[in-house]
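Each chain, written out:
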Amino acid sequence: MRSPRAQVSTRHGSLYQRLLWLYPASFRREYGEEMVLVFTDRLRAEAGRRRRAASARVWLHTVGDLALSVPKQQLEAFMSRQQTTALQLSAVVAMVVLTIAAASYFAGPFALVPFLGIAAGSSTRSATLSTSDRAPARGSGG
Amino acid sequence: VPHADDPTSFLPLPSAPLHILLALGEGERHGYALMSDVEALSDGAVKMGPGTLYGAIKRLLADKLIEESTGRADPELSEQRRRYYRLTSLGEQVCAAEVKRLSNLLDRAGSGAWRPGGASLGNA
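Read top to bottom, the protein sequences are chains W and G. Counted from 1, the first sequence has number 136 at position 136 by my numbering; the numbering is strictly sequential. Counted from 1, the second sequence has number 105 at position 105 by my numbering; the numbering is strictly sequential.
Just chain W, same shape as in the assembly (with noise of 0.2 Å):
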């Protein structure tokens, strides 16, 4: 039987997996187990103080995670053309939306500045990773 303190870390980690869902499934399919458990680790190493204000401590950090990598993620799978569906892209954009708002109430217009490098760094990936699977192989290690 599972102690007190890992099925709160399997019912936090269930709800973590379910909220993976607003990242491309290709990615999802490559990390999502491994974020799933990652996200469990840091709770459970958290877990040794107060376990409230811990958990709490760890959801608002991975919130703000979320609210940042799954933007970048979605932009970068949609300039390489995967298949993100109407309702995650309408999704993100909500979530994007909410968070340069609550970003620029909270810090003021600089806080726009990170959305932008964001976007401006995604594209500039998107076109060099374009680039780079149309040339042949090239460098070291395969």
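Just so you know, these hints were derived from the structure itself, not from any lab. Treat the hints loosely; a few may be bogus.
Claimed, not checked - Here are the simulated EDC-like cross-link-like pairs (lysine to aspartate or glutamate), alpha carbons at most 16 Å apart as the crow flies:
no., chain 1, residue 1, chain 2, residue 2
1, G, Lys-47, G, Asp-37
2, G, Lys-58, W, Glu-33
3, G, Lys-47, W, Asp-65
4, G, Lys-47, W, Glu-46
5, G, Lys-58, W, Glu-34
Keep in mind it's a predicted model, so treat the numbers as computed, not measured.
The hints should help you fit chain G onto chain W, whose structure is shown.
Frame of chain W; chain G shown alone:
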């Protein structure tokens, strides 16, 4: 465009990939160990969530700066099998080049070249 023949073509590295490469410089790591080491390495300034961590790992794998090693469980955490990552030779070169670039930058900042007026950090 980054090119494997020229490690400097990958520079400058964004914060997350740089910290991951630095952490892997001490040996292969799985995801959670990487996340913890990056936090320790940066004195808590860089805290990566799973999405940022694996987004950076995906990119580093695509650029062949890191590679997967044999997957196995970490007895200190759980019995679940984990993926481990390690630096490639190219990754070591790119990391060294970035550290050298940052070191040069700090030297210049320290010597006063960072401000038009010529005031150095030590004088500020």
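Right, here's what the structure says about each hint:
Taking the CA atoms of Lys-47/G and Asp-37/G, the gap is about 10 Å. The hint holds against a cut of 16 Å. A threshold of 16 Å between alpha carbons decides the hint, and for Lys-58/G with Glu-33/W the separation of about 14 Å falls inside it, so the pair holds. About 10 Å separates the Cα atoms of Lys-47/G and Asp-65/W, which keeps this hinted pair within 16 Å; it holds. Straight-line distance between C-alpha atoms of Lys-47/G and Glu-46/W comes to about 14 Å, which keeps the hinted pair within the 16 Å bound.
Restraint check for Lys-58/G and Glu-34/W: satisfied, since their Cα atoms lie roughly 12 Å apart, inside the 16 Å limit.
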